[in-house]
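J.: The residues making up each chain are set out below.
2 protein chains.
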Amino acid sequence: MKIGILGYGNLGRGVELSVKNNPDVELVAVFTRRNPDSVKIQTPNIPVVSANDAENWVGKIDVMILCGGSATDLPVQTPKFAEMFNVIDSFDTHAKIPEHFANVDVAAKNSNHVAIISVGWDPGLFSLARAYFNAVLPNGHDYTFWGKGVSQGHSDAIRRIKGVKNAKQYTVPIDAALDAVRSGVNPNLTTRQKHLRECYVVLEEGADAAEVEREIKTMPNYFADYDTTVNFISEDELLKNHAGLAHGGFVIRTGQTSAENKHVIEFSLKLDSNPEFTTNVLVAYARAAYRLNGEGKSGCMTAFDIAPAYLSPLDGATLRKTLL
Amino acid sequence: MKIGILGYGNLGRGVELSVKNNPDVELVAVFTRRNPDSVKIQTPNIPVVSANDAENWVGKIDVMILCGGSATDLPVQTPKFAEMFNVIDSFDTHAKIPEHFANVDVAAKNSNHVAIISVGWDPGLFSLARAYFNAVLPNGHDYTFWGKGVSQGHSDAIRRIKGVKNAKQYTVPIDAALDAVRSGVNPNLTTRQKHLRECYVVLEEGADAAEVEREIKTMPNYFADYDTTVNFISEDELLKNHAGLAHGGFVIRTGQTSAENKHVIEFSLKLDSNPEFTTNVLVAYARAAYRLNGEGKSGCMTAFDIAPAYLSPLDGATLRKTLL
Numbered sequence: 001m002k003i004g005i006l007g008y009g010n011l012g013r014g015v016e017l018s019v020k021n022n023p024d025v026e027l028v029a030v031f032t033r034r035n036p037d038s039v040k041i042q043t044p045n046i047p048v049v050s051a052n053d054a055e056n057w058v059g060k061i062d063v064m065i066l067c068g069g070s071a072t073d074l075p076v077q078t079p080k081f082a083e084m085f086n087v088i089d090s091f092d093t094h095a096k097i098p099e100h101f102a103n104v105d106v107a108a109k110n111s112n113h114v115a116i117i118s119v120g121w122d123p124g125l126f127s128l129a130r131a132y133f134n135a136v137l138p139n140g141h142d143y144t145f146w147g148k149g150v151s152q153g154h155s156d157a158i159r160r161i162k163g164v165k166n167a168k169q170y171t172v173p174i175d176a177a178l179d180a181v182r183s184g185v186n187p188n189l190t191t192r193q194k195h196l197r198e199c200y201v202v203l204e205e206g207a208d209a210a211e212v213e214r215e216i217k218t219m220p221n222y223f224a225d226y227d228t229t230v231n232f233i234s235e236d237e238l239l240k241n242h243a244g245l246a247h248g249g250f251v252i253r254t255g256q257t258s259a260e261n262k263h264v265i266e267f268s269l270k271l272d273s274n275p276e277f278t279t280n281v282l283v284a285y286a287r288a289a290y291r292l293n294g295e296g297k298s299g300c301m302t303a304f305d306i307a308p309a310y311l312s313p314l315d316g317a318t319l320r321k322t323l324l
Numbered sequence: 001m002k003i004g005i006l007g008y009g010n011l012g013r014g015v016e017l018s019v020k021n022n023p024d025v026e027l028v029a030v031f032t033r034r035n036p037d038s039v040k041i042q043t044p045n046i047p048v049v050s051a052n053d054a055e056n057w058v059g060k061i062d063v064m065i066l067c068g069g070s071a072t073d074l075p076v077q078t079p080k081f082a083e084m085f086n087v088i089d090s091f092d093t094h095a096k097i098p099e100h101f102a103n104v105d106v107a108a109k110n111s112n113h114v115a116i117i118s119v120g121w122d123p124g125l126f127s128l129a130r131a132y133f134n135a136v137l138p139n140g141h142d143y144t145f146w147g148k149g150v151s152q153g154h155s156d157a158i159r160r161i162k163g164v165k166n167a168k169q170y171t172v173p174i175d176a177a178l179d180a181v182r183s184g185v186n187p188n189l190t191t192r193q194k195h196l197r198e199c200y201v202v203l204e205e206g207a208d209a210a211e212v213e214r215e216i217k218t219m220p221n222y223f224a225d226y227d228t229t230v231n232f233i234s235e236d237e238l239l240k241n242h243a244g245l246a247h248g249g250f251v252i253r254t255g256q257t258s259a260e261n262k263h264v265i266e267f268s269l270k271l272d273s274n275p276e277f278t279t280n281v282l283v284a285y286a287r288a289a290y291r292l293n294g295e296g297k298s299g300c301m302t303a304f305d306i307a308p309a310y311l312s313p314l315d316g317a318t319l320r321k322t323l324l
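In order, the protein sequences belong to chains X and U. So the first sequence is numbered by our numbering: it starts at 1 and just counts up by one. So the second sequence is numbered by our numbering: it starts at 1 and just counts up by one.
Just so you know, the hints here were simulated from the structure itself, not pulled from any lab data. Just so you know, not all the hints are guaranteed correct.
Put simply, identical chains are the same to the list, so a pair is met inside one copy or across any two.
[To be verified] Using 20 Å as the maximum straight-line C-alpha spacing, the simulated SDA-like pairs for lysine to any residue come out as follows:
no.: 1; residue 1: K270; residue 2: G184
no.: 2; residue 1: K80; residue 2: W146
no.: 3; residue 1: K270; residue 2: D175
no.: 4; residue 1: K321; residue 2: I161
no.: 5; residue 1: K270; residue 2: D179
no.: 6; residue 1: K321; residue 2: P75
no.: 7; residue 1: K270; residue 2: L178
no.: 8; residue 1: K60; residue 2: P47
no.: 9; residue 1: K270; residue 2: H141
no.: 10; residue 1: K321; residue 2: N110
no.: 11; residue 1: K20; residue 2: Q256
no.: 12; residue 1: K270; residue 2: N186
no.: 13; residue 1: K109; residue 2: A317
no.: 14; residue 1: K80; residue 2: N221
no.: 15; residue 1: K270; residue 2: S258
no.: 16; residue 1: K297; residue 2: A307
On a predicted model such as this, the values are computed, not experimentally measured, just so you know.
My request is simple: use the sequences and hints to build the entire structure.
T.: What follows is the structure in structure tokens.
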């Protein structure tokens, strides 16, 4: 399978790395909106080309993996590139998924391509866990916890405060809440009871620390509903101790099959690198897109629409023999 | 969806219960190899009929859920009933799955039915976990732990020993092994390091306890490779404290996406009732079989071949909106 990468940030670099773990995958080219000469990639002898020249690569790339952001890149890129290629994206603005799905579906159907959107771990593997768990334990409750890991959105929100030079925000699941869920009592948990927010903030010269802390802790939606801790540190310390991209989380469903019998189903991830793991998921779904398109399928799909066998490099008989 | 149940033991009763949790499912009839008059079911006004009369129900049942055992029932029943109905089974003799698949596939294809085999939690949900985890983290190691729960096969093995009146055997995963796996060090674990075997044994009058204990602990394959504890108890105590059908387990995959970054993926189940949970999984796959057959599909499939959306009573748009 020949893949292309569109966008060479953390995700693009992750896809490039994941090719080494997937012998059936070959990287053909990296596409960028920057000046291609300014983008240095890790793999020797692979061209970096302008995203504007992508149409010249039609027929040379089986699946294009879109590594842009959900806010402004993917809503434009995914429908556009689905006209030329089978595509995979990691669109993660949950509220806008229906609209994104509809736009991509039109483009992919018109051009007979497969587009798989919202791939990664949430949305992605966590969505799969929720769907499977709901189907096999219909009478129950779902709980999703995130972390410990960096929330880019919350870090950005802190950085927009006057007097803040840099910041990292960790979302931390609260053990007591996890324990209560696992006990099967189906607790009604408030936002505050599920997650803590830990902030590491570098101030501008002369900034008012107390005022910055107050602004963070009272920020609606982002922090006001949580127990939030604010730690002021030096920029050196931030870069040294808080540069990591670790993340993870838990999907738990508890429920009953009869008056007497309760069950707990749990899926969890503990990731040293959020982008590296996410991109390995993207590559597995690229394999599915390529195969499905080879079977004549087209249109927009999500992880819900893909049978697991399509993700594996193994054939059906080998899968049944070794993993069933 | 109209379902039939073949075989009214623990699994058959579980399917009957699960109908209450799945409003789109209607139980039409229970089929038995016993005298139908001798089988009392829980649901009023549902006929219990002879398994020999099943062919009279063709066209009246969308999916037949086969609740027999893997040793001798399902190898015969699944191909036979796949000639008349869409069928689901929980065939769990891992080594014989390829042969069973081939036999069922011929029958189902010839008669244009869908047959989904080896559904439940292992094989079933645990198989899915292994397949997804391998696909998204190709460079890693899988570990499956079972328990704490009753192993029917090991309990039977003890009951065959001279002087044993009754027995229950629990398979218990060893915490130290689970912790080592979760730490990401990819340990090579021996059989003895992964699971303990706890036996509760009721002796016949005058039996030699020391000899029974020796026979259990030295039994090849079943116990000799494990740390095994043997507790002699009264039959009253066995019936009172060890009648439960709780079970569970863990599938863990650890691996790396680069030299620096490790990841841990974990799926676990903690079940009060193994048969009640298993049968809810069977019913979800019955929904899939019915829909796939409605789309013109036929032949034998496993959980690997079924897109998760087919298991859910929700339509695609609702799934994307609520669970993605």
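J.: Take the hints in turn and mark each one as holding or not.
T.: Here's how the hints hold up against the structure:
Only between protomers do K270 and G184 lie at most 20 Å apart by alpha-carbon distance; the minimum there is 10 Å, versus 23 Å within a single protomer. For a Cα distance limit of 20 Å, the shortest separation of K80 from W146 qualifies neither inside one copy, at 32 Å, nor across copies, at 48 Å. In this assembly of identical chains, the alpha carbons of K270 and D175 lie at most 20 Å apart whether taken from the same copy (15 Å) or from different copies (18 Å). Taking the shortest alpha-carbon separations for K321 and I161, neither the intra-copy value of 57 Å nor the inter-copy value of 33 Å comes in at or below 20 Å.
For the identical chains of this complex, K270 and D179 are neighbours both inside a copy (17 Å) and across copies (14 Å), given an alpha-carbon limit of 20 Å. Taking identical chains as interchangeable, the C-alpha atoms of K321 and P75 lie at most 20 Å apart only when they sit on different chains, with a minimum of 17 Å there against 41 Å within one chain. For the homomeric pair K270 and L178, the shortest alpha-carbon distances inside one copy (15 Å) and between copies (15 Å) are both at most 20 Å. Taking the closest pair of Cα atoms, K60 and P47 come within 20 Å of each other only inside a single copy of the chain (13 Å); across copies the shortest separation is 61 Å, beyond that limit.
For a Cα distance limit of 20 Å, the shortest separation of K270 from H141 across copies, 15 Å, qualifies, whereas the shortest one inside one copy, 23 Å, does not. Within a single copy, K321 and N110 get their C-alpha atoms no closer than 39 Å, and across copies no closer than 24 Å, so neither meets the 20 Å cut-off. Within a single copy, K20 and Q256 get their C-alpha atoms only as close as 44 Å, which misses the 20 Å cut-off; across copies the closest is 11 Å, which meets it. Taking the closest pair of Cα atoms, K270 and N186 come within 20 Å of each other only across two copies (15 Å); inside a single copy the shortest separation is 24 Å, beyond that limit.
Only between protomers do K109 and A317 lie at most 20 Å apart by alpha-carbon distance; the minimum there is 17 Å, versus 31 Å within a single protomer. For the identical chains of this complex, K80 and N221 are neighbours neither inside a copy (33 Å) nor across copies (59 Å), given an alpha-carbon limit of 20 Å. Taking the closest pair of Cα atoms, K270 and S258 come within 20 Å of each other only across two copies (15 Å); inside a single copy the shortest separation is 33 Å, beyond that limit. For the identical chains of this complex, K297 and A307 are neighbours both inside a copy (13 Å) and across copies (14 Å), given an alpha-carbon limit of 20 Å.
The earlier numbered hints that this structure contradicts are 2, 4, 10, 14.
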